[in-house]
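*Asks:* Sequence:
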Amino acid sequence: MRKKWFVTGTAMLVTMTMLAAGCSNGGNNVNNGGNEGAKPQESTAPVEESIKFPLEKPIELSIFAATDPQVKKDYNEMQMFKQLQEQTNVNVKWTMVSTEQLVEKKNITIASGQLPDAFFGRGVLRDEEVIKLSSQGALIPLEELIEEHAPNLKKVFEQRPEFKKQITAPDGHIYSLPTTVERDFNGIPSALFMNKKWLDDLGLAIPTTVDEFYNALKAFKENDPNGNKKADEIPFSFVFGNNSQNGPNALAGAFGIPNDDNRDHLYIDNGTVKYAPEQPEYENYVQFMSKLYKEGLMDQEVFTHNLNAYQTKIRSEVPQVGAFFTYSLGSVFGNVQNDYVAVPPLKGANGEQGWLRMPVGFSIGSFAITNSNKNPEITMKWIDSIYEEKQSFQFESGPFGLTSKENADGTIEKLTPPEGVAFGAFKHSEAPGNGAVTIVLQDMVDRYIDAQADEKRTYYNMYDPFAPKEILPSMLMTTEDIETLAPIQLDLGGPNGFYSSNFAQFVMNGFTHADWENYVAQLKKMNIDTYVSIYQKYYDAYKAK
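Be aware that the sequence shown starts at -18, since it is given in this note's numbering, and climbs by one per residue.
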């Protein structure tokens, strides 16, 4: 029996349902037979040697684009796309859809059977959709077009062969092109901050161990460090759930858990896939968290408050929170607050130290050419123009001369937006920004002078040596294995899933070792071993490629 392929992901079931509804229409351009990608339509483009930009005669492409909500005008009115049109003489008829409406509008487009010439934008197609649409013949294979018409992309693949590996489907074809910005420091999403002024006033050093951290929190609770003569201090707070920047997962490293990935809690231990919440070390981590909660050293609302409420507490005019997790001080306060300091990875009872590492964003389904396209060669050459390194940088961060300037020494200096304009809105005024199809490698990132990025890199350098070097990648799976995983993931995941509900109950109410053993036994009944073994199988295959 011929196998269909999909990609793992937290929204897998929802996506499969959407695709079943959105792709079953037997329209003109969505072919329901076979799992081979479509052959490109007979091209009206000239042979390779004569495709030179700007074209002598203009052509028009119809492109469906996923746009960032901060985009407020048509792409054709933006400076970056005006420049691209002048460089190529390719006109584009855009269907622009904000990411907030993407699922609905995309499904309508696919179900209609009248596909655009191309899909464009970071995450415009989910990984599952790339595989599904290619199996129906709606997306064409791109590897030959890349070889003949995409020198910039080929250069990237030479520098980062893993990129090509990630976008290659199990049948050996490439059906979509990626977007990534190699901000390596985003691989360490969270930092632990403490109020340095409170520590100094209480005669305490920055904690280096779990015990010292506990003692500092206890001192915060008992000594009115904010000086308002009220018992309103919150010694420690975070946001529980699927929140890598503001969640507590990195603390598990002090108890011997190498990586508690908040998405699926899977980690790699010397080549072996493991589920963190069933490990003996995890019991010790949860016991510590329960101790903090029961003694009032942890925010009593960590399981109920949202991000806005959390950040409001942190930003309180009279400081209330003594320790908290977040991405950076600049991301919360708008600048680096001198009252707070990042805390290095705490040492556990046996000297263990670890920190959370997550994959840097890599969107596989950012650009795809459909079987409606009569000019696939020109389309590939057009998108490859954006993959030129300086062009890529500007499509993501805004044009030189507006949002940044290139210095004589090769560095790129971030420019201040007009008064009253946030930088996010500023960079999206003349470029697609977060919705761009772009590859910005680490070299370009390192040339960008940005105070907030410099701040984040400081934390990255602090935590990186303690974070695992090997993390679980995205992996393509058969529908048979997806169907096996789906009910297990449904039972385990989500805010009301088995993991979250038990973690919350253990922390708030306390638990015995017998309670923990019963919890692990229940995980076994929920087929956690099958869950882990499937990931192990695909991880082994991934390493063998």
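I should point out that these hints are in silico values taken from the structure, not numbers from a laboratory. Errors might be hidden in some of the hints.
In silico DSS-like links for lysine-lysine, alpha-carbon gap of 27 Å or less [unchecked claim]:
| # | residue 1 | residue 2 |
| --- | --- | --- |
| 1 | 199 | 328 |
| 2 | 210 | 178 |
| 3 | 178 | 199 |
| 4 | 386 | 136 |
| 5 | 395 | 146 |
| 6 | 328 | 371 |
| 7 | 145 | 135 |
| 8 | 272 | 294 |
| 9 | 386 | 145 |
FRET-style restraints, in silico, Cβ to Cβ [said to hold, decoys possible]:
| # | residue 1 | residue 2 | range |
| --- | --- | --- | --- |
| 10 | 317 | 41 | 42 to 50 Å |
| 11 | 139 | 388 | 21 to 29 Å |
| 12 | 314 | 37 | 53 to 61 Å |
| 13 | 143 | 79 | 43 to 51 Å |
| 14 | 41 | 486 | 57 to 65 Å |
| 15 | 340 | 43 | 55 to 63 Å |
| 16 | 276 | 187 | 32 to 40 Å |
| 17 | 139 | 293 | 19 to 27 Å |
| 18 | 316 | 468 | 42 to 50 Å |
| 19 | 211 | 288 | 24 to 32 Å |
| 20 | 287 | 317 | 23 to 31 Å |
Cβ atoms here follow ideal geometry from the backbone N, Cα and C, with glycine treated the same way.
*Asks:* Hint by hint, note whether the structure agrees.
*Replies:* Against the structure, the hints:
1. Of the pairs offered as hints, the one joining residue 199 and residue 328 holds, with about 18 Å between alpha carbons and a cut-off of 27 Å not exceeded.
2. Restraint check: the Cα-Cα separation between residue 210 and residue 178 comes to about 17 Å, which is no more than 27 Å; the hinted pair holds.
3. With a C-alpha separation of about 16 Å, the suggested pairing of residue 178 with residue 199 holds against the 27 Å cut-off.
4. Proximity of residue 386 to residue 136 is assessed by CA-CA distance (about 25 Å); at most 27 Å being required, the pair is judged to hold.
5. Between residue 395 and residue 146 the alpha-carbon distance is near 33 Å, which puts this suggested pair outside the 27 Å criterion.
6. As the CA atoms of residue 328 and residue 371 are separated by approximately 43 Å, the hinted pair breaks the 27 Å bound.
7. With a C-alpha separation of about 9 Å, the suggested pairing of residue 145 with residue 135 holds against the 27 Å cut-off.
8. With a CA separation close to 22 Å, the supplied pair residue 272 and residue 294 stays within the 27 Å bound.
9. Between the alpha carbons of residue 386 and residue 145 the distance comes to roughly 31 Å, so the proposed pair goes past 27 Å and is violated.
10. Take residue 317 and residue 41: their Cβ atoms lie about 49 Å apart, and the range 42 to 50 Å holds.
11. Against the hinted window of 21 to 29 Å, the Cβ-Cβ separation of residue 139 and residue 388 comes to about 27 Å, which satisfies the hint.
12. In this structure the hint that residue 314 and residue 37 lie 53 to 61 Å apart at CB holds, the actual value being about 55 Å.
13. The given range of 43 to 51 Å is broken by residue 143 and residue 79, whose C-beta atoms sit roughly 31 Å from each other.
14. One distance hint, 57 to 65 Å for the beta-carbon pair residue 41 and residue 486, holds here, with the actual separation near 59 Å.
15. The hinted window of 55 to 63 Å between residue 340 and residue 43 is violated, with their beta carbons roughly 33 Å apart.
16. In this structure the hint that residue 276 and residue 187 lie 32 to 40 Å apart at CB is violated, the actual value being about 21 Å.
17. The supplied range of 19 to 27 Å is broken by residue 139 and residue 293, whose beta-carbon atoms lie about 48 Å from each other.
18. One distance hint, 42 to 50 Å for the beta-carbon pair residue 316 and residue 468, holds here, with the actual separation near 47 Å.
19. In this structure the supplied range 24 to 32 Å holds for residue 211 paired with residue 288, their Cβ-Cβ distance being about 25 Å.
20. Evaluation of the 23 to 31 Å hint for residue 287 and residue 317 yields a pass: the beta carbon distance comes to about 25 Å.
Consistency note: the structure conflicts with the earlier hints numbered 5, 6, 9, 13, 15, 16 and 17.
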